[in-house]
Amino acid sequence: MSDYEKPSMDLFQPNYDRPEADLFEDTLDKRHRVGRVWKVVFQISTVIGIIALATLILKIFNDTMGYAAIQYKKNPATISTTGKSLEEMSCSELWPILAENVSKNRLRTIEREKILEERTKTECYNLVMFEVAEPTVKKTWPLLASLINYQEIQAYTAEKYPEGDLTFKVWITKSFILSPQSDDPLKAGIKTAILGSLFIILIVIIISFPIGVAAAIYLEEYATQNRINNIIQTNINNLAGVPSIIYGMLGLAVFVRYLEPITSGALFGFSDPTTANGRTILSAGLTLSLLILPVVIINGQEAIRAVPNSLRQASYGMGATKWQTVWSHVLPNALPGILTGTILAVSRAFGETAPLVVVGAATFITFSPESIFSKFTSVPIQIYQWTARPQDAFQNIAAAAIIVLLVLLLVLNATAVFLRNRYSRRW
Amino acid sequence: MNLGIHLDTTVNQTIIEEIKEPDIIHAIEAKDLNVFYGDFLAVREVDLVIQAQKITALIGPSGCGKSTVLRSFNRMNDLIPTARTTGEVLFHGKNIYKEGVDPVEVRKRIGMVFQKPNPFPKSIYENIAWGVHINGFKGSKSDMDNLIEQTLRSAALWDEVKDKLHDSGLSLSGGQQQRLCIARTIAIRPDIILMDEPCSALDPISTLKIEELMRDLSEEYTIIIVTHNMQQAARVSEFTAFFSLTENRAGVLMEYGLTIQLFTNPKNKITEDYITGRFG
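Top to bottom, those sequences are chains A and B. Per my numbering, numbering of the first sequence is gapless, rising by one per residue and ending at 860. Per my numbering, numbering of the second sequence is gapless, rising by one per residue and ending at 275.
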């Protein structure tokens, strides 16, 4: 892509009368060549990055849908005696089937949960499916394999699971997002984990934003250059690079063990029997707040430093105190930068797994968190749990959970970009 | 004939004496002022008496400490962590560097206009209202409106901005921005206005407008201006202080007097070289 004219020294007649004419070599061609080589290097680097990213997204997306061999205890096609398929039947038509096929005790339990009149058609259908048909996923295939090797997959299923059904299953669905955790990959959802993550993030924002911004203001506007402040500054910079699992250990020692009366809520009269000691949302939130605090401080400092000094001078020159200068000029002008930095730090906390494992995230909870003193799980923990399971179908729902996590992170980052563009000022 | 000559001389004498010794009111006075940046002595032993309601220009080559002297008049140098000041700056007979003097109070009474126009990224109205407000303005909203109109009129900016008071101060041209900065300074009614090369970032027409404004303002305010432009010093100021460098690069006050005398009949050889353009 060279859009310059072929250079030639012949363009200009060399002035041989001047003694310095032979001081310069004709190296223009060479210099342009070197430039072209470097340009190619930069392009290749960019392409490698894009390929890596595309592979990651394709790999995850590939797992979120595809054929699944499902075996039923009782085939849904034979459950119905009227010839109508189950999907078409209304709730009152489905109920007798349910009553006929499950034990009396089980039926009573189901009725106690919610009576027939209150249930929607889909709920009834799901009940019949899970209580009567009892599907189990035997094997799943990713999207690409499903599209390319349909014949083989069909033959394999027919041979291995003669009673099984081969259906095309999309794993990321509305019910996946709205259902709690379950042992059965067909029923399992991510609602508990999303709520846990949101609770934790809320605590992280409430704790780390004010403390981080206040510390940044102190370090930039008030602290003088002396040995103690230099040590503090160096330590903050180093803390930002400490591995997250070490923060997990700190959280375990301090919040879970030492501050247990507070983090378990016992001190405030919360006695949740399900809470395992101090392993609560509050502990997790405090741990992650500590983790991102250095990053929030450093980002805040950078944003404050970017406010031009001329503004401070103008303010002081009019008889403003330091506090008036900071509050009216430095902070409003640094705010977009501070917000962007904080949101990026928070999205890092959102994806953290290791410290939460150490702090004691619950591996299996089916109920949504009710307060900050509840047991918790989070989306990355859930993904980690599911990928560790041997069954095929859990890999698929792990992929679906990753998509959910990525979308949530994307929303957070989009908010950061929006805030930056909305409030950034020029001076 | 003799009588006539005698009369002439008397008249001349009287005029010169009038110019030389007017009713001097000291606006601010530097006594044995030294300013250090770290170990570096930037300004050495400056004694300077600034006269009230006059324009005084500080001129001199780059790095001669004239801006430092200017900034020491309202303790802006305090904002530079390494800066240290010795000597006295007397304002209303009180040393502003004495312990117990609040620099914030000093800066309220001695305002400052900077080299580059630096309005706040707020509306034109708020640019002026903010300073008035933070200094404890007690009036009502309409008092504030009046004050802002009056201030903008004094800064010769009212006619240009009266229809867009709530537009950003940054939407104005460079010259207008600088007049806005002057306006927000005079809005808090200082005694002295310090101007650090206020026109160096402006075009000639804006410069002339600012100079005109300075002349108007000098009826009410004492103005001290640092400038690199000797024509400007000659045009606007009544007194001029010429600073120069010593061998160890410390700034010293070389010559101080009436502008007309300093420019037409400099006492010092270095001053003469500088103002005639032979050095600097």
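Quick caveat, the hints were computed from the structure, so don't treat them as lab data. The structure presented is a predicted model; accordingly, all values stated were derived computationally and were not measured. Misleading hints may appear alongside valid ones.
To be verified - With a straight-line Cα cutoff of 30 Å, these simulated DSSO-like cross-link-like pairs (lysine-lysine) come out:
# : chain 1 : residue 1 : chain 2 : residue 2
1 : B       : Lys111    : A       : Lys755
2 : A       : Lys547    : A       : Lys593
3 : A       : Lys755    : B       : Lys89
4 : B       : Lys204    : A       : Lys755
5 : B       : Lys93     : A       : Lys755
Hints, verified against the model:
1. Only pairs whose Cα atoms come within 30 Å are accepted, and lysine 111/B paired with lysine 755/A is accepted, the gap being roughly 22 Å.
2. In summary, the hint linking lysine 547/A to lysine 593/A is not supported, as the alpha carbons are separated by about 39 Å, beyond the 30 Å threshold.
3. For the proposed pair lysine 755/A and lysine 89/B, the alpha carbon gap of about 24 Å is at most 30 Å, so the pair holds.
4. Proximity of lysine 204/B to lysine 755/A is assessed by CA-CA distance (about 33 Å); at most 30 Å being required, the pair is judged violated.
5. For a cut-off of 30 Å, the pair hint linking lysine 93/B to lysine 755/A stands: about 20 Å separates their Cα positions.
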